[in-house]
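J.: Please model the entire structure based on the sequences and the hints provided.
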Amino acid sequence: MPIITLTTDFGIKDHFVGAVKGAIYSELPDANIVDITHQISPFNITETAYILRNAYKSFPDGTIHIVGVDSELSKENKHLAIELDNQYFVCPDNGLISMIASEVNPTKIVEINIHNHINSSFPVLDVFVKAASHIARGGSLNVIGKEIQELKKLVEIQPKTNQDKSIIKGGVIYIDNYGNIITNINQKLFTTIGKGRSFTITAGRYKFTEVFKSYNGIVDYNIPEEKRQYDGEKLAIFNSAGFLEIAIYKSNLETVGGASTLLGLKYRDTIIVEFEDVVKPEFIPINQ
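Under the working numbering, residues 72 to 359 are what the sequence shown spells out, in order.
No lab work stands behind these hints: they were computed from the structure.
A hint or two may mislead.
Claimed, not checked - Each computed DSS-like pair below joins lysine-lysine, with the alpha-carbon atoms no more than 25 Å apart: (1) Lys201 to Lys149; (2) Lys149 to Lys223; (3) Lys240 to Lys278; (4) Lys179 to Lys146; (5) Lys146 to Lys128; (6) Lys146 to Lys217; (7) Lys278 to Lys305; (8) Lys128 to Lys201; (9) Lys266 to Lys231; (10) Lys179 to Lys240; (11) Lys236 to Lys278; (12) Lys223 to Lys259; (13) Lys284 to Lys231; (14) Lys92 to Lys201; (15) Lys149 to Lys224; (16) Lys305 to Lys284; (17) Lys259 to Lys337; (18) Lys201 to Lys179; (19) Lys224 to Lys284; (20) Lys146 to Lys223; (21) Lys224 to Lys128.
Said to hold, decoys possible - Distance ranges between label pairs, derived from CB positions: (22) Pro131 to Val214: 20 to 28 Å; (23) Lys236 to Gly89: 49 to 57 Å; (24) His86 to Thr271: 44 to 52 Å; (25) Ile343 to His86: 42 to 50 Å; (26) Thr108 to Thr332: 17 to 25 Å; (27) Gly267 to Ser173: 20 to 28 Å; (28) Pro100 to Thr332: 43 to 51 Å; (29) Gly133 to Ile83: 23 to 31 Å; (30) Gly288 to Lys179: 37 to 45 Å.
Yeah, the Cβ is synthetic: ideal placement off N, Cα and C, and Gly gets one too.
T.: Here you go:
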């Protein structure tokens, strides 16, 4: 039996998550259900896309991902079943898949047309579970929907560059459990535009001129341990997902605080990378 994952903004206080799991087990008694998260900020599509993009790749082929964020059916928000990267996504057409599919094109997209789903006030329970169960049994996507070619795009989450490629203008797309700030500027774009040039990253009122390879890259291990004072230091890093992150070394939201609070930055705030004209001597272009 394939794994079915759940990603929602339902939280864990109410009955919603339990009801969805119960409905899955009613359809598939031997189902394997995995919670990716139910703590998405309400209706936050970008946050959903970031978390799901970085989680789904760890799952085996054939996994089915139910996504319940901003899932109410409307003329502008269809219900979709998608085959992508040898896995399946049952989700609303609100743009979240465009971030996941930015590097891998979907194999097939269908607009779900399960009978009576238009009248549902709880589509994750009444529609997505039935669609996911059909797929789990080996059913064809064409049975539950009409094939379409286009997905809604989240254009506003893409970073922008100026005409002479000296500036990348990005933004905050996610704040993690440590209060660290994740931007929409990925390492590939940074390297391609930067071409080894020196740079300044402006995040709020703070500036960074170095991006570390790890959180402890900021630590000088030549200094005796008892004299090191790095806790609470601000740093920039490319995280495990390949995105530029502004972090606090060993942040503690109850004591030191996280990057979001200390830098005064929140979701959608602007992050600027400005490159200088001089190329570092040690830079070797990727295509050489």
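J.: Hint check: Lys305 vs Lys284, CA-CA at most 25 Å. Holds or violated?
T.: holds, 14 Å
J.: Just tell me: holds or violated, for the beta carbon distance of Gly133 and Ile83 against 23 to 31 Å?
T.: holds, 27 Å
J.: In this structure, is the beta-carbon distance linking Thr108 and Thr332 contained in 17 to 25 Å?
T.: Check passed, 21 Å falls within 17 to 25 Å.
J.: Does the structure keep Lys224 and Lys128 at a Cα separation of 25 Å or less?
T.: holds, 21 Å
J.: Taking 37 to 45 Å as the stated bounds, is the beta-carbon spacing between Gly288 and Lys179 within them?
T.: The hinted range 37 to 45 Å holds for Gly288 and Lys179, with Cβ atoms some 43 Å apart.
J.: In this structure, is the beta-carbon distance linking Lys236 and Gly89 contained in 49 to 57 Å?
T.: holds, 51 Å
J.: Mind checking the alpha carbons of Lys223 and Lys259 for me, to see if they're no more than 25 Å apart?
T.: Holds, because 24 Å separates the two Cα atoms, which is no more than 25 Å.
J.: Checking one constraint from the list: CA of Lys201 to CA of Lys179, max 25 Å. Satisfied?
T.: holds, 18 Å
J.: Check the hint pairing Lys149 with Lys223 against an upper bound of 25 Å on the C-alpha distance.
T.: holds, 10 Å
J.: Is it true that the CA of Lys128 sits at most 25 Å from the CA of Lys201?
T.: holds, 24 Å
J.: For the range 44 to 52 Å, tell me whether the beta carbons of His86 and Thr271 fit it or not.
T.: This hint holds: roughly 50 Å between Cβ atoms.
J.: Would the pair Lys278 and Lys305 pass a check requiring their Cα atoms to be no farther apart than 25 Å?
T.: This hinted pair holds, its Cα atoms lying about 10 Å apart.
In this structure, the hints that do not hold are numbers 5, 10, 19, in rising order.
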